[in-house]
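*Asks:* Spelled out from the first residue to the last, the chains are:
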Amino acid sequence: MTPDPPPLATHASPSPAFEVADTTAIEKARNDLDAHTVEMMAWHFHPSTGCPFWLHYAQSLPFNPLKDVNRYDDLKKFPPFEDEWLRGGPLQRWVPRAFVDKALYVFETGGTTGVPKSRVACCDFRTDYEQFSATLPEEYFPRGANWLMLGPSGPRRLRLSIEHLAQCRGGISFCIDLDPRWVIKLIQRGWMEHLEAYKQHCIDQAITILEAGHDIRCMFTTPKLLESLALALEKKGTTIRQAGITGIFSGGTEFTPQWTRFAVEELLDGAYMTPTYGNTLMGLAASRPVGPADGYTIAYYAPQPRAVIEVVDCNDTNSIVPYGGTGRVKLTTLTQETFVPGFLERDEGEREQPYKQYPWDGISGVRPFHKLSSAATVGVY
Amino acid sequence: MHLPALRFGKRYESLDRATLVHFLSGETVAEVSQVGGAMLSRDLQKFSRAARQAILGIEPAEIIKRMQAAGRLYACGTLSNAGSQQSPEDFVKQQSATTGLPESLCRANMQKNLFVLANLDRMLDALSRGLPSEVFWKGYGREGRGVIVSYQAQSPVLGLVLPSNSPGVHTLWLPVIALGIGLVIKPGGQEPWTPYRMTAAMIEAGIPEEAIGLYPGATDVGAAILANCRRSMIFGSARTVEQYRAHPNVQVHGPGLSKIILGDDCVDDWQDYMDVIVESVAANSGRGCINASALFASRHTDEIAAALAARLGPIDVRPPEDPEATLAAFTVQGAAKAIWEQIEVGLKAPGVTHATAGYGNRFVEGERCGWLRPVVVHCSSPEPAIAKAEYMFPFISVVRCPQHDMLAKIGPTLVGTAITNDPVFQSALSDSVDIDRLNLGPIPTTKLDWLQPHEGNIIDFLYRSRALQTPADSPVRVS
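Protein chains in written order, with this note's numbering: chain A, 1 to 381; chain B, 1 to 479.
Just so you know, the hints here were simulated from the structure itself, not pulled from any lab data. Each residue gets a CB set at the ideal place from its N, CA and C atoms; glycine is no exception. Be aware that a few hints might be false.
Think about it this way: if two alpha-carbon atoms lie no more than 20 Å apart in a straight line, the pair counts; the simulated PhoX-like pairs of lysine-lysine are [as the list claims (entries may be wrong)]: (1) Lys10/B with Lys46/B; (2) Lys348/B with Lys388/B; (3) Lys235/A with Lys46/B; (4) Lys447/B with Lys112/B; (5) Lys236/A with Lys112/B; (6) Lys28/A with Lys356/A.
Covered by chain B, according to a simulated footprint, are these stretches of chain A (three or more residues, beta-carbon under 8 Å) [unchecked claim]: (7) 85 to 99; (8) 230 to 237; (9) 279 to 293.
Residues from chain B that keep clear of chain A, each with C-beta distances beyond 12 Å, as calculated [said to hold, decoys possible]: (10) Gln34; (11) Ala38; (12) His253; (13) Pro255; (14) Ala307; (15) Gln342; (16) Ser380; (17) Ser381; (18) Ala408; (19) Pro423; (20) Asp449; (21) Gly456; (22) Leu468.
Take these sequences, add in the hints, and give me the full structure.
*Replies:* Shown next as structure tokens:
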């Protein structure tokens, strides 16, 4: 039996402060997603292109993904994706046969304790950031401008991605590293002086680069580092904007409406900031424009059809909550490099109506999933 | 009612709000704006020096008068607290509703705060050992013997990370403004009431609003205070104490492990001291670090435990508005149960007996909260872990221990009431560095003389006594 499709957005909802997508655009996006899903099944479950993991796994399934998945909602036929599958080697089991001769990367998440989850990649990160690049307003992120990447690099994909973003926009990216695994250890051990010193070490490097005449106008950073950078610049009698920055993109679960309001009203001195939500598995979800008219609501939209975010009932993860309802983030990745159906993220939030620019469901109020949050160390960088 | 952040004179309503509910009914009592640590860090960068300057712009004697007036307003006035009118009775009901303290104890704590402010002149005189207040305003001056003294402020503001468990702790920071130092406060999550009402009273009495910041929020606000204030005070658990013990900029207040020690010369008359012991254990629902958590004696310990159990064991839960109510609720769901389970583990150790076992269940479960009725434990030696425990309700371990071993076994003791007339033992008690406040004689551990320093002299924490010289004929006058 095929489950009912999720309800589509309607204009009957209480008038939102943003432009809701029209029914035609929503239906077209849905049809595109269904077609893309079928295309991805043909890719990942065909012996000439699929990866060893899925080809082997398909043999244990009570259905045939090549024949029985005819639209996105048919992906619910797959059993829950277990994140433990992403830990450990051999990594080659995830490499689609079509990519075995390509230059490969491995990107990791977590990793504070035990074996980190990993994703093998070839070009996805570049594609994701090229698509994201198209959403950036030229006025604040001018082409040809240089970038500062102030955030976690190491085994994460962020550094390479930002560098590619800068390059595809005709600029050069200056990189300052922060190791979040060490930061988490500092917090867990209560070494707050070390934490402060490490943060200062990163900020000092950032200010040195910003003052070195590199004409840096765009920046990626995390909310915590953005705060620290703004405060450090204020201490020197200047501001983020006066240091040359016109556009910032930033990400993390600390992006609450209040934090954004504080940043816009008090930290940025007129620099433009766009929040993003992303991770190694999904790619990058852009946000609707954020501002006071919308109560600084931050709503993210996945880069559909390459990735899909659903806000699902915590107890029935195949059931999508109503618009405005709270649920857990369920992520599906559908690229030629990676197929991950129905991955339950460690986050929760509220389901948002489709936006004109992104005519599919979004999510707002993203925060750590309440049933897991007591054990997690969040907001570390 | 909505409590906004107060940013050194600027009211700020956050989009993030915490909802405080009544611990029995679950009804909303107030919403509290929640701000982030970065806002506080930024404000400290901009406003902390101005906070001190705003105070120093007023004569010290006038500041004391205004603080005394603030005490009267706090205790008796109807104040505009964050836009709402709040009478003393409103305050008591609100504080009781979110902390679980019986209303009678809320009123008693108000009187304690009033006492400190009413006697601020005497307290500052005692703590400064008679120094003219102008020395703190100017940084130096000539004391009574004609010698130049210099006291250098170590921070323009004192940072406070306040707890929710006992409104009594506020007495510690009340003298700070009168010492010419501003305040930046993270109120306790469940007990924002005292800092807000006290701030409203101070401003009403003429203390500059630029001198005080109130920043309710999550743990990052506390971290920002500790990272940015050159002097701060934090209240927390034993873990918090351990974390900041060696930090010279932080005065950390944790479990007190206060004790009563019965000397061999007085122990046979133990019945004479029952009132002192009971008050030490049960005052303010046993929530304070100054409540006794252990009694050490060399003999009669079984009888003492039984007699204490007979006095404390029958105490039962009453509605918060009942004037006879003495037990506070644990308003964090599951907390009372978890503590009771911990105690049950401790009771299984060899040499430990539960003296209040015959007085009914100790753990009382409510719909949204829990209570723990008084527990008296007997330990045949100081070794069991429960002999070194402290809990936030009336709890005492009566420990059998030879007098000659007591000082080696008592461990850290915030308040030690030693009932002995033996001069040799008194001398040893006076020398013990484990005891912070020493009461020689039958004085409840909870009875504090506010003219004496508590957990270190606040002046020594806020100011550094240093050398300052002027040419011999240069006049240095302070009054």
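*Asks:* None of the hints should be skipped; say for each whether it holds.
*Replies:* Hint check:
1. Between lysine 10/B and lysine 46/B, the direct Cα distance comes to roughly 13 Å. Compliance with the 20 Å bound is thereby established for this hinted pair.
2. Of the pairs offered as hints, the one joining lysine 348/B and lysine 388/B holds, with about 15 Å between alpha carbons and a cut-off of 20 Å not exceeded.
3. For the hint pairing lysine 235/A with lysine 46/B, the CA-to-CA distance comes to about 9 Å; that is within 20 Å, so the pair holds.
4. Among the hinted pairs, lysine 447/B with lysine 112/B is consistent with the structure: their alpha-carbon atoms are about 11 Å apart, no more than 20 Å.
5. For the hint linking lysine 236/A to lysine 112/B, the alpha-carbon distance of about 45 Å lies beyond 20 Å, and the restraint is violated.
6. Restraint check: the Cα-Cα separation between lysine 28/A and lysine 356/A comes to about 12 Å, which is no more than 20 Å; the hinted pair holds.
7. Coverage of the region 85 to 99 of chain A by chain B is violated. Counting CB-CB distances below 8 Å, 0 residues qualify, and the rule asks for three or more.
8. With a cut-off of 8 Å between beta carbons, the region 230 to 237 of chain A has 4 residues touching chain B; three or more are needed, and the interface restraint holds.
9. Given as covered by chain B, the region 279 to 293 of chain A fails the check, having 0 residues with a CB less than 8 Å from a CB of that chain where 3 are the minimum.
10. For glutamine 34/B, the non-interface assignment is contradicted: its Cβ lies about 7 Å from the closest Cβ of chain A, within the 12 Å cut-off.
11. Not every beta carbon of chain A lies more than 12 Å from that of alanine 38/B, the smallest distance being close to 4 Å; the non-interface claim is violated.
12. Every beta carbon of chain A lies more than 12 Å from that of histidine 253/B, the smallest distance being close to 17 Å; the non-interface claim holds.
13. The Cβ of proline 255/B lies farther than 12 Å from every Cβ of chain A, with a closest approach of about 17 Å, so its non-interface assignment holds.
14. For alanine 307/B, the shortest C-beta to C-beta distance to chain A comes to about 43 Å, beyond the 12 Å cut-off, and the non-interface label holds.
15. Under the 12 Å C-beta cut-off, the non-interface status given to glutamine 342/B relative to chain A holds; the minimum distance is some 19 Å.
16. Once the 12 Å rule is applied to beta carbons, serine 380/B is consistent with being away from chain A; the minimum gap is 36 Å.
17. With a closest Cβ-Cβ approach of about 33 Å to chain A, serine 381/B is found to remain outside the 12 Å limit, as its non-interface label requires.
18. Distance check on alanine 408/B: its Cβ is at least 30 Å (rounded) from any Cβ of chain A, clearing the 12 Å threshold; non-interface status holds.
19. Annotated as non-interface, proline 423/B keeps its C-beta farther than 12 Å from every C-beta of chain A; the closest such distance is 44 Å.
20. The non-interface label for aspartate 449/B is consistent with chain A: the shortest C-beta to C-beta separation is roughly 35 Å, beyond 12 Å.
21. Taking the minimum C-beta to C-beta distance to chain A, about 22 Å, the non-interface status of glycine 456/B holds against the 12 Å cut.
22. Its beta-carbon lying about 29 Å from the closest one in chain A, leucine 468/B satisfies the requirement of being farther than 12 Å from that chain.
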